Amino acid sequence: MKRRLVQFLFALLANAYPGLFWGNPLYRGPLKGICFPGLNCYSCPLAPFACPLGSLQQSLASLRALPVMALKGLAYVLGFFLLFGFFLGRLVCGWVCPFGLLQELIHRVPFPKRRLPHALRKVKFLVLLFMVILLPLLLVDALGYGKVWFCRLLCPAGTLEAGVFNLFLRPELRSLVAGLFYFKLALLFLILLLCLVYLRFFCVVLCPLGALYGLFNRWGLFRLSLRDEECLRCGLCEKVCPMELRIPQEMNGTECIRCLHCLDVCPSKGIRFHLGD
Amino acid sequence: MKCWRFLLLVCGLLLLCWGAWGGGFRFVWSRAASLCLSCMGLQ
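So the protein sequences, as listed, match chains A and B.
Take 51 as the starting number for the first sequence in our numbering and just add one per residue.
Take 526 as the starting number for the second sequence in our numbering and just add one per residue.
No wet-lab data here; the hints were simulated from the structure.
There may be inaccurate statements among the hints.
Chain A residues, not near chain B, derived (Cβ > 12 angstroms throughout) [what the hints assert, rightly or not]:
id, residue
1, Val56
2, Val127
3, Leu179
4, Val247
5, Cys284
6, Thr304
7, Leu313
Quick partial rundown of chain B residues pointing at chain A, CB under 7 angstroms, derived from the structure [what the hints assert, rightly or not]:
id, residue
8, Leu534
9, Trp543
10, Gly544
11, Val553
No experiment lies behind these values; they were computed from the predicted model shown.
Backbone N, C-alpha and C define an ideal beta-carbon position, used for all residues, glycine too.
Model the full assembly from the supplied sequences, consistent with the hints where possible.
As structure tokens, then:
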């Protein structure tokens, strides 16, 4: 309940710009230079902050055409990832990300629930490597500019918050709608539909932001641990884990979103969330 | 705190500050403040 409240507050913060009510449907002020840690498209009419994945791709895509500025941009975004990864890791996914909240709310709709094969968890690392890093860096036009491939082909937050919302607010953009938009729209519906069946389908399988933060779970400031002598072997922690992790083996692995459900249900209070080792 | 954790923190801070003050903040701002047609699936 406490987590849900925090999720709603961060979703509100990530979409707090009210400009569309006075005819200004895109915030262009200095807050747009700051990355919001969760997945939230910066072209959303309500967004006051930048998207870290979009900014990372923009920096990589401009490295050849504008090497000095793009390198500084890249350093800024990488510094942001290092700090957020160090302090929070995938706690961002569990407590801050608005798209994570949306997926959890959709999963509450009564519908047959299934478990995802664990092998699919690796797909998001390929998405991170190819669509976020390699393609924007290597596939460039004659002027040396690359494209933001993850945003362009996959990002469901962009389709929903920027695409659908902006097309509703800005009729002049509707003439640009073509096959790519319909492809992204179909993908968005498919992802949301799969979230009915699989909890956080996008987070588990496709999200490169989760993959990036997950790398820090092992090295970050906060860690989960289980005091073996206090464990009753009841298995309640594994039963409530939304990411279907094996506890304690995967507690500080790349998949734990730090929802802390395991702490709440542990009858012996043997699981701790603490600083350092 | 282990030494490499401290290093991670220092590297993050240095990158963020160097990038931001050198024009990275303005670069991100300029990109994020313009409508991204690619994000919308229109380009």
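Of the numbered hints stated earlier in the document, which are not met by this structure?
Of the numbered hints given earlier, the structure breaks just one, which is hint 2.
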